[in-house]
Structures are given as C-alpha cells and as structure tokens.
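A.B. asks: As a plain string of letters, each chain reads:
Number of protein chains: 2
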Amino acid sequence: MSNRKNGQWRLKTRPVGMVKTTDFEFVTEPVPDLKANEFLVRNLYFSFEPAMRGWLNDVESYVPPVQVNEVMRAFTVGQVIESDSADFSPGDFVQGMLGWQEYVTCGGPPGVSKLSEGIPPHLALSVLGGTGLTAYFGLLDIGKPKQGDVVVVSGAAGATGSVAGQIAKIKGASKVVGIAGGAEKCVWLTDELGFDAAIDYKTENVEDRLATLCPEGINIFFDNVGGSILDDALTNMAMHGRVVLCGAISGYNDEDLPPGPKNYTQLIVQRGRMEGFIVFDYMHKASEAMQDLSAWLSEGRIKHTEDIQEGIENAPVTFLRLFQGKNKGKQLLKIADAPI
Amino acid sequence: MSNRKNGQWRLKTRPVGMVKTTDFEFVTEPVPDLKANEFLVRNLYFSFEPAMRGWLNDVESYVPPVQVNEVMRAFTVGQVIESDSADFSPGDFVQGMLGWQEYVTCGGPPGVSKLSEGIPPHLALSVLGGTGLTAYFGLLDIGKPKQGDVVVVSGAAGATGSVAGQIAKIKGASKVVGIAGGAEKCVWLTDELGFDAAIDYKTENVEDRLATLCPEGINIFFDNVGGSILDDALTNMAMHGRVVLCGAISGYNDEDLPPGPKNYTQLIVQRGRMEGFIVFDYMHKASEAMQDLSAWLSEGRIKHTEDIQEGIENAPVTFLRLFQGKNKGKQLLKIADAPI
Chain S
1 MSNRKNGQWR LKTRPVGMVK TTDFEFVTEP VPDLKANEFL VRNLYFSFEP AMRGWLNDVE
61 SYVPPVQVNE VMRAFTVGQV IESDSADFSP GDFVQGMLGW QEYVTCGGPP GVSKLSEGIP
121 PHLALSVLGG TGLTAYFGLL DIGKPKQGDV VVVSGAAGAT GSVAGQIAKI KGASKVVGIA
181 GGAEKCVWLT DELGFDAAID YKTENVEDRL ATLCPEGINI FFDNVGGSIL DDALTNMAMH
241 GRVVLCGAIS GYNDEDLPPG PKNYTQLIVQ RGRMEGFIVF DYMHKASEAM QDLSAWLSEG
301 RIKHTEDIQE GIENAPVTFL RLFQGKNKGK QLLKIADAPI
Chain D
1 MSNRKNGQWR LKTRPVGMVK TTDFEFVTEP VPDLKANEFL VRNLYFSFEP AMRGWLNDVE
61 SYVPPVQVNE VMRAFTVGQV IESDSADFSP GDFVQGMLGW QEYVTCGGPP GVSKLSEGIP
121 PHLALSVLGG TGLTAYFGLL DIGKPKQGDV VVVSGAAGAT GSVAGQIAKI KGASKVVGIA
181 GGAEKCVWLT DELGFDAAID YKTENVEDRL ATLCPEGINI FFDNVGGSIL DDALTNMAMH
241 GRVVLCGAIS GYNDEDLPPG PKNYTQLIVQ RGRMEGFIVF DYMHKASEAM QDLSAWLSEG
301 RIKHTEDIQE GIENAPVTFL RLFQGKNKGK QLLKIADAPI
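Residue numbers (the numbering used here), protein chains in the order written: chain S, 1 to 340; chain D, 1 to 340.
The shape of chain S in the complex, shown without the other chains (with noise of 0.2 Å):
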C-alpha cells in the first residue's frame, strides 16, 4: 500500500426527489499499489451534468444506475503521477468516468484517454469536450439546421445551452433565442454570446414572448429542460419543425414523472419532429466535431464560461448548484493543481 490517502465522496442513500447532498458519503481509503500494466491518476476536475441526477434512479436507462456505496460516477480530467504502463506516463492528462475521488487507478483504455495536445484540462470537460459534443451533434444531426432557421434553447446559459444556441448562429440561424433564469444569465446571453434575445422564465411568460420573438414559428428548439417550457415551445413550433430532446432538467428531482408536454399534438398539426439522443452515440465522429468546434473556438466565435468552484469537500453542493440555477457555463469543480 502506498501512504496515500484517496477521499472519495460515495452514493449513501438513493436521493428521493431533490437531491441533497447528505445522500452522499465522505470516506477515505488508502490507494492500492500498482499492478503490473496500471497507472493511477490524480484527478484534477469533476464535470457535472443534470443527467447524473438520472444516474443515481434505481431504473435501466442508457448507463446502469449507481449503486449505493459506490463512487459518485463523474466525468473527470486528472493527470497521471505514476505509470506502469506502456502506453500512459507521468505528467499524461487523460479524461474518462473516473468519479468523485481524488485518485484512481487505472488499467488503460476503455474507461480512460489521453486529452489532445494542448487543450486545457478545464475545457476539456466544457465546450472541448462532452459538453461541446453534445451541443454540436444534438443541434446538427437531430435539429438539421437550415440556413435563416429560427432556433430557441431553453436551459441557455448552461453550458450545452450556450454552446447550441452559438452554433445555430454560425450554422445560419436567422434568429437564435435563449431561455434562461435571471436577468443576469439574459444579458450575458445577448451581451456576449450574440444571442438574438433571451427570455428570462423566472419574470416573463414564456409562451406569448417565445410569440412576439417568433412570429413565423420556431424551427428548431433544442431544449435542455422539459416542462411547460417545452410546452410554450410546442404551442409556436413552425412548420416542420424539431425538438431537439437534450435533457429535461426541469423534472429530473421529482419525485413520480412530471406531466408530459400536452400540447404534444402540435407535433401532428405542424408536421413536427421530437427526437432524444445521447452524446455516446458520436463518439466515433468526435474528431471532426472537435475540429469545428476547436476551430470556431480560436477564432472567437464560441464564447464559453466556466462556473470553477474549489475542493473535494464542495462536490456534492457543487452538484446541486446544477437545480438551483446558480450555475452560468459549464459547472466544474477543481480538486487539486497538476502535481507533475
């Protein structure tokens, strides 16, 4: 056993309805040796995404939930400190689930890859990374943008929101409209991201603003929140339009399933399309997303934010900064600086 000590936050009790952060456990176990072929990594940022209040639901879905006294399941970037593997050495930062914990050892790939050279490890867990992915695929191969489309993002100053919403605006959006809470989050969305307008769900009626913006309809909305936010953009779609099913943040701490989008039938009265999708699915054209989205970057035309909070000790209220709206851009935590 090395003399580390590896803090490790755990699922203590399955959350029901908000989750709070007492449903997680702090413990501390030593890090193991090394095995032959392994290399442990210190990790440097947890991700944190709405979709892991899903994972923590004791129901199948697109990942098996987390079982209760395992590790909190997170996207992490760390940095690899000792190595016995060919293929990965000191100083190498990587990416991959590696949880709520300040170590972990690792056997290679799956599960675990170097980040491309160069990229900054915070951005790698924002718009270089998942998030950005999300973003860029949810928009382009379900929202099938064309040019002067009139496209709304609810949950847009998130940190996929804002990416989506910027992407429509290079992609040839006549008109790209943000929803969000707070007028705060409104201004930065026109102010800085180029956001056409923002509506701000916490003061304004969502249904007839989303009418006076989009008088001709919505073309594609990509919504991040469901509720009756996707209802008020079902009631404007325009005429063969999309909704691009990212995330449906606004029930995900409920306790039985929120009602469902009734003003669905608008689907079959415009000629509409909803469709889901997961990010996982693209994984094998990440390349040329990363490409783009690197691109656009350097050049200016995606502006990002990062919410950086600090300390392992603040994981789990940094979580629910995700339902309390605190967050602008994407939420991180940072856990330690890179040691090598």
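In case anyone wonders, no lab produced these hints; they're calculated from the structure. Treat the hints with care, as some may be off.
All copies of an identical chain are treated as equivalent in the list; a pair is satisfied when it fits inside any one copy or across any two copies.
To be verified - Straight-line distance between alpha carbons at most 30 Å, and here's what the computed DSS-like set of lysine-lysine pairs gives:
{"#": "1", "residue 1": "Lys20", "residue 2": "Lys175"}
{"#": "2", "residue 1": "Lys35", "residue 2": "Lys20"}
{"#": "3", "residue 1": "Lys12", "residue 2": "Lys171"}
{"#": "4", "residue 1": "Lys285", "residue 2": "Lys334"}
{"#": "5", "residue 1": "Lys202", "residue 2": "Lys326"}
{"#": "6", "residue 1": "Lys5", "residue 2": "Lys171"}
{"#": "7", "residue 1": "Lys5", "residue 2": "Lys303"}
{"#": "8", "residue 1": "Lys262", "residue 2": "Lys12"}
{"#": "9", "residue 1": "Lys144", "residue 2": "Lys334"}
{"#": "10", "residue 1": "Lys114", "residue 2": "Lys262"}
{"#": "11", "residue 1": "Lys144", "residue 2": "Lys5"}
{"#": "12", "residue 1": "Lys169", "residue 2": "Lys35"}
{"#": "13", "residue 1": "Lys334", "residue 2": "Lys12"}
{"#": "14", "residue 1": "Lys114", "residue 2": "Lys20"}
{"#": "15", "residue 1": "Lys328", "residue 2": "Lys169"}
{"#": "16", "residue 1": "Lys5", "residue 2": "Lys328"}
Given chain S, work out where chain D should sit, using these hints.
C.D. replies: Frame of chain S, contents of chain D only:
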C-alpha cells in the same frame, strides 16, 4: 331555382367536451340553378374521421375551423347529376370535401375530383382513399419500417390503424400488435387481418402486455389514440424507435388539453423519434401509393371492412360512433344510391 331541396347538417353550436348530436342542426334550402361551368353533385357517402372533431374547435390548425352555421365539413363521394362543365359529365363519380349535405354545386378543381375508373365509391373513402393513404404514408414515410421490425398500432380496429398494421406485415415486420377496444375487434385483428397479437385496452394492462409481447421493444408505434396508451408504448420503445403521430382520439373531446405523455423522455434514453404528419401533404405522391394499395387489395394482402350506416338524418349520430368505439373499420354513412 330548381325544385330540388338540399338537406344539410350545419354546425349549430361549438361542442364543449364530448360532441353531441344537438351541436348540429338539420336545415333544408333550395338547390340553386347552375351557373356557367358549374355542375351539380348528389352526395352518396359521407366519410367520418376522428380528426373532424378538431375542426369544430375555434383554434387555428392545419385547416380553418368550421364556422357556426356552416355546413359540416366532411369528405364525401357523390355523382354528377347535372353539368354545365366541359370536364364533368352527368354520371361521373367525384370526391371532395363536399360536406354533410345531399347536393352540392361545384365549380371544379380544386376541391373536387373524379374517382379513378373502376373504384367503388365507398372504397374511395376508405382503403383506396384518404384513409388508406394516411396509413400508407404514415407508416412508410414517418415510420420508415425495416425488415424484422416490431410494429404496434393503436386504434388498430379503426379504418387507418387496420390498414397500417397490414402494410407493416407486407413490409416485413416480424410482429404486428394491435391495440383495440373489445374482444370482438381483437379477434378480428388476429383472425381476419393477420395481426400477430391484439391487446384489448378495455380489459388488459396495455403496458404489461406490450412488455410481454415485445420483449425486445417496439420499433414503430403507429398512434391513433394518444393518452395513456401512448405512455404505455413509450415505456416499451426499442432503441431508435419511431412513434408515428397519426391522431390522438382519446383526447379530442376533452374540454381542456389532456395530460401529455409523461414518458416522453424515453425518447432520450432510447434515442427515439416522435413525428406527426398530415396526409394532405402527400397528395403529389398519391398515385404511386394507390397503385400499391390497389394491388395489395386485389391480391388479398389487405383486408378491409366498412361500417356503413344509412340516411342523412343519421349524420351526427354516426359521427359519434367514432368516439364511442362502435365502428370496426371505416365509418361511412350512405346517403343515396347512385341516381344515374
């Protein structure tokens, strides 16, 4: 003025909740003399579709609402009995949106067209008309069936559903399951139409039965019903499954919009698609579809039935049969024998 009297059913009051026979009023007016290029049609059959209930609501939709005091809108088949038109001759059978009335004066297309040679008038309103085309384009263009698919149809004993299920078999579905109300309809689906199984939603747990009958999940759900049955199907979709939104009869008579499909997020988990359509959009491709439908019909690969009531006085009560689940196959009302 001719001596002919035109009996008409007009919308008297907009229905609130379940449509009632007293929402319509029977009036008689003289048939006006023909003007230049006009022709006079004697209606022979009225066609009844659940979607007609939506035309009675004062909301913008894919067609304008029927106005109070207007003749009730309906597809009909009739025969030309007088003509000053170069294109339409006495004896010609025609179809169009000619309404719940005995006679109608027409100016020609659009709105009225001749029946193809040899098509019996009642089939032009069912399997060889809009109903058959709805099943055809909904299943093929929206559902995009693949060899071996598991296909489930709701409202399966209705005019559209019964044809959609049979087309699915023709196109290589490995299993076609119909959902219908009552044992007699279910037996008809399996014993007469070749469905592999049928679920009686009035006596069986649809979600559980679908899980048993479709252990690998549903590839295509052709939905005429909506409501809880749509949720039951969403719970059981296969990866990349498609929901064809054809109708939602379960909610057409609700005063307020009924709850939406709370399981719609299964479209994310299963990367599914839910898409609506209106058959009117496919009229430019109708002739190819009619060739297929006619061939399948003559080869005995599609079986059909019509529920033919009689007498114009029964138009409203025949309309209500749709919402009482009384019809098996296409609901028609015979108004007159062909006079010529």
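A.B. asks: Against the earlier hints, flag every one the structure doesn't satisfy and list their numbers going up.
C.D. replies: The structure breaks hints 1, 2, 3, 6, 7, 9, 10, 11, 12, 14, 16; every other hint is satisfied.
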